[in-house]
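K.L.:
Here is what each chain is made of, one letter per residue.
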Amino acid sequence: MSDIQKASLSPETVLAEMKKNGVTHVVWLPDSETNWLYLLMKAEPSLTLVGVNREGLAFSAAAGISAGGRTPLILIQNTGLMESGDSLRGWALGLQIPVVLMVGYRGWTRHGVNTDTAATYTERFLNAFGINYYLVEDGADASRISIAFEEARKTKRPVAVLVADEYHGFN
Amino acid sequence: MMDTAEMLKVYNRYRGDAIVVPGRGGRHWVKISSRRGRDVELGDPAMGGHASFAMGLALAQPGEKIVLFDSEGDIQMGMGVLVTIAEQQPKNFYHFMLDNECYATTGGQPVPHAKTIAYDAIARACGYARTYAYDNHETFSINVERILGEPGPVFVALKVRADIENKPIGSRVKWRTRSQVQVVQDLKKELGIG
Chain A
0 MSDIQKASLS PETVLAEMKK NGVTHVVWLP DSETNWLYLL MKAEPSLTLV GVNREGLAFS
60 AAAGISAGGR TPLILIQNTG LMESGDSLRG WALGLQIPVV LMVGYRGWTR HGVNTDTAAT
120 YTERFLNAFG INYYLVEDGA DASRISIAFE EARKTKRPVA VLVADEYHGF N
Chain B
0 MMDTAEMLKV YNRYRGDAIV VPGRGGRHWV KISSRRGRDV ELGDPAMGGH ASFAMGLALA
60 QPGEKIVLFD SEGDIQMGMG VLVTIAEQQP KNFYHFMLDN ECYATTGGQP VPHAKTIAYD
120 AIARACGYAR TYAYDNHETF SINVERILGE PGPVFVALKV RADIENKPIG SRVKWRTRSQ
180 VQVVQDLKKE LGIG
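If you read the sequences in order, they're chains A and B.
Take 0 as the starting number for the first sequence in numbering that gives the first Met the number 0 and just add one per residue.
Take 0 as the starting number for the second sequence in numbering that gives the first Met the number 0 and just add one per residue.
Hints are computed from structural coordinates only; laboratory data are not their basis.
Nothing here was measured: the structure is a model prediction, and the numbers come from that model.
One thing to keep in mind: the hints can contain errors.
[As the list claims (entries may be wrong)] With a cut-off of at most 35 angstroms between alpha-carbon atoms, the simulated DSBU-like pairs for lysine-lysine come out as follows: (1) Lys158/B / Lys153/A; (2) Lys64/B / Lys19/A; (3) Lys153/A / Lys8/B; (4) Lys19/A / Lys30/B; (5) Lys155/A / Lys158/B; (6) Lys30/B / Lys18/A; (7) Lys19/A / Lys187/B; (8) Lys41/A / Lys30/B; (9) Lys173/B / Lys30/B; (10) Lys153/A / Lys166/B.
All chains should be modelled from the sequences, with the hints used to inform the complete structure.
P.N.:
Shown next as structure tokens:
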């Protein structure tokens with residue numbers, strides 16, 4: 000295993016965090032930062048995958064799942080997060096939905112200068128809506144996912160996990 | 000064209016234990032329903048999201064019948080949800096859509112291509128198990144009980160008269176008696192899940 004593979008956030012680790020936190024439904028639209036999760040999620044019998052084709056619909060779908068007493072996770076990219084502003088406001092914040100948003104942080108880098116406006120506006124967007132967030136760069140950060148779930152339950156608000164994966168080369 | 004309140008009264012005869020998300024029909028529905036714990040009148044949290052919300056509810060509660068009264072303006076804003084619902088195939092989901100051909104709450108401006116779209120055909124093409132369209136009270140009344148007896152997902156497009164509002168939002172009659180958060184809390188209590 001290369002150093003890069005060791006450092007990466009493994010799909011098994013993320014799936015374990017989902018199961019540990021009782022996720023029943025993953026409402027998602029594929030992105031290049033978390034695409035490695037798909038096959039594992041699909042094979043996991045305790046998860047229902049709800050594919051949407053526009054990220055704003057993920058927030059209203061997750062609100063319905065939560066209102067029905069189950070535990071959704073929203074898995075989208077930062078670009079789609081920004082598209083979802085009104086739905087995030089009205090459905091997730093308005094209905095006080097405790098949901099974790101796992102957001103592919105397209106363009107994120109800690110080396111050199113950011114050249115992707117998707118990354119430029121991601122944290123500004125979350126701050127504008129008062130959404131707290133946790134950066135997860137590799138396996139050592141995985142426990143922050145559970146912190147996000149706990150915070151969402153406690154505050155009855157959405158909490159974001161930014162999957163800052165600059166290693167996979169899909170960006 | 001049907002009167003929305005009269006159509007909802009007909010539906011209510013066959014409601015049974017269904018959980019109803021009345022969407023844009025909410026202001027009429029709250030005066031008709033006698034099972035308020037099973038009503039999910041949310042007003043308009045964010046346009047375009049009623050169908051995905053109700054679908055989520057149906058997926059979370061597969062043992063409950065979920066009935067949504069959506070609108071054509073909402074559907075046009077998030078038409079892709081029809082594909083998601085068709086893929087999930089919730090057997091307990093009944094998707095009624097009120098089509099008044101306009102944005103009534105903003106003064107009655109037409110929705111794009113208002114008089115031409117066959118929403119039932121779109122839903123059928125997306126993969127809904129059964130789709131219907133009615134433009135008059137009589138045929139709706141004759142068929143609604145049968146439709147509710149079929150497995151979902153079912154889509155029913157309904158032509159209704161527009162209740163156009165032109166008053167500033169602040170001076171309109173407030174029909175909701177519960178906050179959105181209270182509505183969800185009451186539903187959870189009714190279902191024994193919160």
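K.L.:
Against this structure, judge whether each hint is valid.
P.N.:
Hints and how they fare:
no. : hint                : result
1   : Lys158/B / Lys153/A : violated, 44 angstroms
2   : Lys64/B / Lys19/A   : holds, 30 angstroms
3   : Lys153/A / Lys8/B   : violated, 41 angstroms
4   : Lys19/A / Lys30/B   : violated, 44 angstroms
5   : Lys155/A / Lys158/B : violated, 39 angstroms
6   : Lys30/B / Lys18/A   : violated, 43 angstroms
7   : Lys19/A / Lys187/B  : holds, 23 angstroms
8   : Lys41/A / Lys30/B   : violated, 44 angstroms
9   : Lys173/B / Lys30/B  : holds, 13 angstroms
10  : Lys153/A / Lys166/B : violated, 40 angstroms
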